[in-house]
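2 protein chains.
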Amino acid sequence: MRASQFHLFTLKEAPSDAEVVSQKLMLRAGMIRKAAAGIYSYMPMGLRAIRKVEAIIREEMNRAGAMELVMPLVQPAELWQETGRWDKMGEELLRLKDRHERDFALQPTSEEVVTDIARQELKSYRQLPKNFYQIQTKFRDERRPRFGVMRGREFVMKDAYSFDRSAEAAGRSYDIMYAAYQRIFDRLGLAYRAVAADTGAIGGDRSHEFQVIADTGEDAIVYCPTSAYAANIELAEAVSLLPHRAAPEEGLEKTPTPGRETCAEVADLLDLPLERTVKSLVLAADEVDEAGRPAGATVWLLLVRGDHELNEVKAGKIDGLKAGFRFASETEILEHFGSRPGSLGPIGPRRPVRIVADRTVADMADFVCGANEEGFHYTGVNWGRDLPEPDLVADIRNVVEGDPSPDGRGTLAIQRGIEVGHVFYLGTRYSEAMNATFLDDDGKPKHFEMGCYGIGVTRILGAAIEQNHDARGIIWPVPIAPFEAVVCPVGWSKSPAVREESQRLYDALLAAGVDVMLDDRDERPGVMFADWELIGVPHRITLGERGLKDGIAEYQGRRDGEASKVPVADVAAFVIERVKAARA
Amino acid sequence: MRASQFHLFTLKEAPSDAEVVSQKLMLRAGMIRKAAAGIYSYMPMGLRAIRKVEAIIREEMNRAGAMELVMPLVQPAELWQETGRWDKMGEELLRLKDRHERDFALQPTSEEVVTDIARQELKSYRQLPKNFYQIQTKFRDERRPRFGVMRGREFVMKDAYSFDRSAEAAGRSYDIMYAAYQRIFDRLGLAYRAVAADTGAIGGDRSHEFQVIADTGEDAIVYCPTSAYAANIELAEAVSLLPHRAAPEEGLEKTPTPGRETCAEVADLLDLPLERTVKSLVLAADEVDEAGRPAGATVWLLLVRGDHELNEVKAGKIDGLKAGFRFASETEILEHFGSRPGSLGPIGPRRPVRIVADRTVADMADFVCGANEEGFHYTGVNWGRDLPEPDLVADIRNVVEGDPSPDGRGTLAIQRGIEVGHVFYLGTRYSEAMNATFLDDDGKPKHFEMGCYGIGVTRILGAAIEQNHDARGIIWPVPIAPFEAVVCPVGWSKSPAVREESQRLYDALLAAGVDVMLDDRDERPGVMFADWELIGVPHRITLGERGLKDGIAEYQGRRDGEASKVPVADVAAFVIERVKAARA
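Protein sequence lines, in the order shown, are assigned to chains L and U.
Residue 155 in the numbering used here sits at position 130 of the first sequence, and the numbers go up by one each step.
Residue 294 in the numbering used here sits at position 269 of the second sequence, and the numbers go up by one each step.
None of these hints come from the bench; they were simulated from the model.
Cβ coordinates follow ideal geometry from the N, Cα and C atoms, glycine included.
Among the hints, erroneous ones may be present.
Below, a list of computed lysine-lysine pairs in the DSBU-like style, where the Cα atoms sit at most 35 Å apart [unchecked claim]:
| # | chain 1 | residue 1 | chain 2 | residue 2 |
| --- | --- | --- | --- | --- |
| 1 | U | Lys37 | L | Lys148 |
| 2 | U | Lys113 | U | Lys148 |
| 3 | U | Lys113 | L | Lys122 |
| 4 | U | Lys605 | L | Lys605 |
| 5 | U | Lys574 | U | Lys590 |
| 6 | L | Lys122 | U | Lys148 |
| 7 | U | Lys148 | L | Lys113 |
| 8 | U | Lys37 | L | Lys519 |
Non-contacting residues of chain U with respect to chain L, defined by C-beta distances greater than 10 Å in every case (computed) [unchecked claim]:
| # | residue |
| --- | --- |
| 9 | Gly55 |
| 10 | Gly90 |
| 11 | Pro97 |
| 12 | Glu193 |
| 13 | Leu277 |
| 14 | Thr287 |
| 15 | Glu414 |
| 16 | Ala438 |
| 17 | His494 |
| 18 | Lys519 |
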């Protein structure tokens, strides 16, 4: 490609509403253009990267035996009503009516449509397993679209759906997809981690997120550097930090703590380590009677150590909270504890509450907690002696850096990540709701065992940039760079030698299959270099009249500190070797 | 690809709501599956053909210097309001609201978005010409979606938009696209015709449709077999069929024609050729006053020969009818002619009407027309003598087979066609509405001269099948067949010789780059043949134990009357040669 025949468009400054670096750089490099909040055009430069990502995904999905199809973007409400998602999904599901006032949704994913296809076209166990995938536009009407392609409303996603005879077979399909995802992210040239994730109502351990590691990531990912353990923060298991509960050494004492509400303030006042305090969190689960009418709320007191944080996903797995919970209102708190938040604790609530202690809290002795009286805390609190044992001991906190790994093989570290892929075992949730069955070898109909597997195609671009950039711009991994190399002639219009040698080099790279750009705009070196560094092309070769006299070209790798001199005769082979190495 | 690893799904009968042969065959061959009226999933077998069409289009668009991008499917109303299309477009434009009650449209095309991109990114004449294209999902909320992918609501379209400095330069861009379209349709292996089409309000002669020739096509295309003349029926020029107006030979006579209303009935009664009669059509153009309030209607009488048909597009080009017209109501007709339809004519209307004669009618003498009195016609009518010359003589009829070609170089023939592509010069219609300008070399801002160029990607599949099928199924042109060849082993599970030889042939074809399917389902030959003939794979090779003993394979081209015997040793080369020839 010649620059004069391409649409190059770069900006010195990003638009003021751009929030994160990937968004700023993609806008500045002319890769995307905003059409509305969370809705972008993919410009020629950006689309080249998208197409490369898509090609890698497609190759690996096909290699894994999945079959590509395309399902509609505009999907009839009837299918969504069959699974109940028409009602359950909130405003993220963009609903619309056609000219005949029939209801439709824009696809955020396609479980319903693919299950409808399966129940019509997969009749026999002999047709299984099957895995259908599409690379297609999706729409989610995010409340607050932001971060460019990282959390857009319209985006491109690869979504795959597997159909199996049994849970065991579905496990094999899952493993095949997991392995395909590893190959995909390896080939994309990204540093990533596959982490176990929560399975929600489905249960089981078959849910993994593929997280691109980046300091700016929205997700916290937990891993053990000395073992294979890796999970997202929602799932990562927190063990007790105490070997056992120590015997009491202090007496229970009610201490004035005027104006001190947080554990840190209380610990500071009492000159005790924060690890001696216990934080009280009051939740409420609304009840309904048999007719579905509201029937009051059950109030729960959850206790975590003062330096720990409640993990709401874990709390949601407690029997009694599974159907949903909320933080209790001030009225409910006053009613049950006789005191406002800031002095709450498990000793002598006014009305009965269910008390859940985090594993570490259950092992604490001589701890500090609120006295259910404004301006007072208890010190020297001990389970069994000063208050009954908790109703339930459970893992209800987020792990923190340095916690023991739950596999007992090291201590945990935490990184930030950007979720770009998710593999998920669905079981029969959709096939039962839609009565999608096949005839098994015993002649009886059975519901399909399903899995779903997503990759955020456009989000990968943002994640790749969050992970790979510097002050000058993007640093693309070679496999997804819009161009692998650029030839920058200095003096294109003036020097026939520069023009001929540049054309020769360009032709040689092109002939070797390198995706190369020839910058024939006749711009000054500074302008060319700034553009290509912003755009993030991995390999740059500069040819000028002076260098050519000595048979020298200037080579600059995008990550290199400085340019190096390479004989003109060798420079094509030099670049080809590097490009091919990065592709493998 | 092996059949056992693919999703093969064929039906003996098409669903009862399928109307045309391409729709029936695509459903029976498992290429598409209906999700809602006019909304289809593209199944793996169908998607393979779509991807091949897309690849050819993409290659030729890139070769023509166009740049691929992707514009959003969900587009903000504001842009559509700038051009007025938000209001002007009817219900075909599917409108929706996001969670914040902001208005959006699903793209039927993308003139607004691309012009918005151009006004922001194309600042200087030095950046011109530019041509942006996308291959992307479109949505048009057709009142009556039908014919499968031929007139769907959600479909895939390639739409391109060119930006130029001047009308002359835009003409060059148009010619480049016209040539690219010829290469595309040549390479797709389709019999087609590029025909001049109406330019509507834009004017000029720069609009061509690319029509795939098929007896079942909705469009009539007109061409001259002995010259280059070709146009769609809306545009094709009808000349006078008479060399000059003959002198009157008959006297005017009012003849009773009780119960005879059509020209054919009257001619029959009077025993005259239909070519002696004149048909009266009454149109009305609603007027508005300066404040935009309705201000009555002007009534027009249009006259065509009894065997001819009014061409409404041509009528719409008459001064006074350009702003829109309708057929007059019975009340208006009674008011102006004193008679009901069936006896209307140009002699002595009760109130003044504007009379437009088709060119042939203006040259007629001694003709027959209604007498504006129920049950009576005039015979022997002559212009000038019996009634004034018409207010206007114009081409207002459809041409018919056998008419002289307007270029004077033969007579016209008519074929049916399916419009699959359209190239159109837009002028400054959109750039003026959106004030999209660039700085020209005189330092002054100028509006872009634009063109738009569409190809219906999914419709091409339907058109290809309408053109190429027989009683057994689809006959794909090789370049877009889902598979180019299929190897059918007879006795896959039982005969090691058949298995080995089939695998060897499959491997050889694959190695030569043939897109080949190995049917390893172990089905009977009848089942395999029926499936592959329905699906329309161009080349089939059958290997059975008996033939192999004599070193013979059976080859069947999809268009061949019968199979032929080819030595097993030669059959790979035989197929490879045929496939490569069809691709070139």
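(request) Below or equal to 35 Å on CA atoms is what counts here, so check Lys113 (chain U) against Lys122 (chain L). (result) holds (19 Å)
(request) Take a quick look at Pro97 (chain U) and tell me if its Cβ sits farther than 10 Å from every Cβ on chain L, holds or violated. (result) violated (5 Å)
(message) Does Ala438 (chain U) clear chain L by more than 10 Å, comparing its Cβ with all Cβ atoms of that chain?
(response) holds (38 Å)
(message) At 10 Å, judged by beta carbons, does Gly90 (chain U) keep clear of chain L as stated?
(response) violated (6 Å)
(message) Lys113 (chain U) and Lys148 (chain U) were given as a pair; does the straight-line alpha-carbon distance stay at or below 35 Å?
(response) holds (29 Å)
(request) Evaluate the condition: distance from the CB of His494 (chain U) to the nearest CB of chain L exceeds 10 Å. (result) holds (23 Å)
(message) Hint check: Lys37 (chain U) vs Lys148 (chain L), CA-CA at most 35 Å. Holds or violated?
(response) Holds: Lys37 (chain U) and Lys148 (chain L) sit about 16 Å apart, inside 35 Å.
(request) Confirm or reject the statement that Glu414 (chain U) sits farther than 10 Å, beta carbon to beta carbon, from all of chain L. (result) Given that every Cβ of chain L is farther than 10 Å from that of Glu414 (chain U), nearest at about 47 Å, it holds.
(request) Taking the shortest Cβ-to-Cβ distance between Leu277 (chain U) and chain L, state whether it exceeds 10 Å. (result) holds (53 Å)
(message) Would the hint linking Lys574 (chain U) and Lys590 (chain U) be met if the CA-CA limit is 35 Å?
(response) The given pair, whose Cα atoms are some 13 Å apart, holds under the 35 Å limit.
(message) Checking a non-interface call: every C-beta of chain L should be farther than 10 Å from the C-beta of Gly55 (chain U). Is that right?
(response) violated (7 Å)
(request) Verify the proposed pairing of Lys122 (chain L) with Lys148 (chain U), using a straight-line Cα cut of 35 Å. (result) Violated. Lys122 (chain L) to Lys148 (chain U) sits at ~39 Å, over the 35 Å cutoff.
When each numbered hint is compared with the structure, violations occur for hints 6, 7, 8, 9, 10, 11.
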